[in-house]
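Number of protein chains: 2
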Amino acid sequence: MTTQQLQDQIQAKKSFLCIGLDVDLNKIPEHLLQTEDPIFEFNKAIIDVTHDLCVSYKPNTAFYEAYGIKGWQSLEKTINYINEKYPEIFTIADAKRGDIGNTSSMYARAFFNDLDFDSVTVAPYMGKDSVEPFLAFEDKHTIMLALTSNEGAFDFQTQNVHGKELYKVVLETSKSWKNAHNLMYVVGATKAEYFTEIRKIVPDSFLLVPGVGAQGGSLAEVCKYGMSKNVGLLINSSRGIIYASNGTDFAEKAREEALKLQQEMEGILVSSFKFQV
Amino acid sequence: MTTQQLQDQIQAKKSFLCIGLDVDLNKIPEHLLQTEDPIFEFNKAIIDVTHDLCVSYKPNTAFYEAYGIKGWQSLEKTINYINEKYPEIFTIADAKRGDIGNTSSMYARAFFNDLDFDSVTVAPYMGKDSVEPFLAFEDKHTIMLALTSNEGAFDFQTQNVHGKELYKVVLETSKSWKNAHNLMYVVGATKAEYFTEIRKIVPDSFLLVPGVGAQGGSLAEVCKYGMSKNVGLLINSSRGIIYASNGTDFAEKAREEALKLQQEMEGILVSSFKFQV
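These protein sequence lines are chains W and E, in that order. Quick note on this note's numbering: the first sequence kicks off at 1 and runs consecutively. Quick note on this note's numbering: the second sequence kicks off at 1 and runs consecutively.
Keep in mind the hints are simulated off the structure, nothing from the lab. Take these hints with a grain of salt, some might be off.
A pair counts as met if it fits within one copy or between any two copies, since identical chains are not told apart.
Cut-off 25 Å, straight-line C-alpha distance, at most; resulting in silico cross-link-like pairs (SDA-like, lysine to any residue) [stated by the list, open to error]:
#1 K70 - G101
#2 K27 - S105
#3 K27 - F137
#4 K70 - N102
All of these numbers come straight from a predicted model, not from anything done at the bench.
So here's chain W without its partners, still in its complex pose (with noise of 0.2 Å):
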């Protein structure tokens, strides 16, 4: 999917949703649990019912992994539903993944032509050659963790590197690499009045902004400071939609959710001069 379709969309839809995948055995409803593949229908489920109120799904591979091959087969009906049944929709792996060169080319592989994702979240610590690889795939986006969501992120990406915090090194870093034009950023929106300083080192990158909700961001702060003059935001949230109910009605509950957020982004988009709707 090109840049250009993800926006269509956002602007299709008056959203910029993402939806996070994370399925948990033990969070999901229990009569799920007696069907063959109960991840996969507890996904289905959730798709089926906010597709429309998203531009994006975002499956945290760990939440798979956990559940070894079966997980995986789950993870593959879950990418393949959403690329048969809704093909406008952005897919995101959400797997932070990076090694030496020829590694990162395989997981490059996995999960743009075994998986055929849209995207791939990827690490930045192994550095340019840990990262090109997933570059190299044209119409495919690479999504690198700078400022992540969570305490840990001031253990190392604050710190001053050379004057400034080493996220800030990662972004200027990254935007000479090959290809670098299909570079999305991972930047938590528990951290909104950071999205100033980000902004003027990558003004029309796409953000992938995860946090808002059970992580305590805002989603009002984090536009008026991470807002590009294209949007160039994918607001991320995960439990606070998909665990609305445990119930029979999960499905119901979640959109309810997910309504709430797009109709606060729908504001957002309406208000702002940056974006006609």
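We have chain W; now place chain E onto it with these hints.
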């Protein structure tokens, strides 16, 4: 597996060799491609002829994920085969994972419970709460990237943070984390001169050292600067051993290459005052 058991194995085998099982279907002998599970058949043959020469096997998950569900089946069969037939072997899932706390817990569960690896490699960028869920497992080991063997290591890892390189900050900071005694570190062999400094920070920790062989690092140099009083090194070789031949003699040739490294290691252990063999 406890650290003591790993040390005992090193003493018994006079080896601190780790063999990387990075299996690429384009590189293995053609006759194996006719079998039902070529990756597993290849691994099984390599393991059967080298298990007495090495103390550890390290499948890199990228090479399995690239083949989707079939790849995960090969990974599962490989780890099960090692655990059943050669339970003394220290197994490493080279996965370079790391995510927010509840997600890292799922990864830990995937590799420590579901697949029953003795250890997993992790990336440090997201800090303490992304690594501690792995450290919580007793008798399991978490091998964190410190200074990697690739070119990109110089992008961020060696950047100066408050007067010292980032990888040193990573090493120092991690020592204060809960269950830090379960930490080991990845340090690339291509930077042997760095080991002196690293041993000042983590004098006793095990270091997993990639980069000997294909990537150009010298075993003698690494041992000279990197050995602790209990050896404290796991030297990895992947391509140099497993792809020594791509004919029907691949296993035999792999053993020859592993034997060369084991003998060099035995020589170092015998000549070293640090260790009695």
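Evaluated hints:
1. Taking identical chains as interchangeable, the C-alpha atoms of K70 and G101 lie at most 25 Å apart only when they sit on different chains, with a minimum of 23 Å there against 29 Å within one chain.
2. In this assembly of identical chains, K27 and S105 lie within 25 Å of each other by CA distance solely across copies; the values are 15 Å between and 34 Å within a copy.
3. Proximity of K27 and F137 under a CA criterion of 25 Å is satisfied inter-copy only: 23 Å between copies versus 36 Å inside one chain copy.
4. Proximity of K70 and N102 under a CA criterion of 25 Å is satisfied inter-copy only: 20 Å between copies versus 27 Å inside one chain copy.
Violation of the numbered hints given earlier is absent; every hint is satisfied by the structure.
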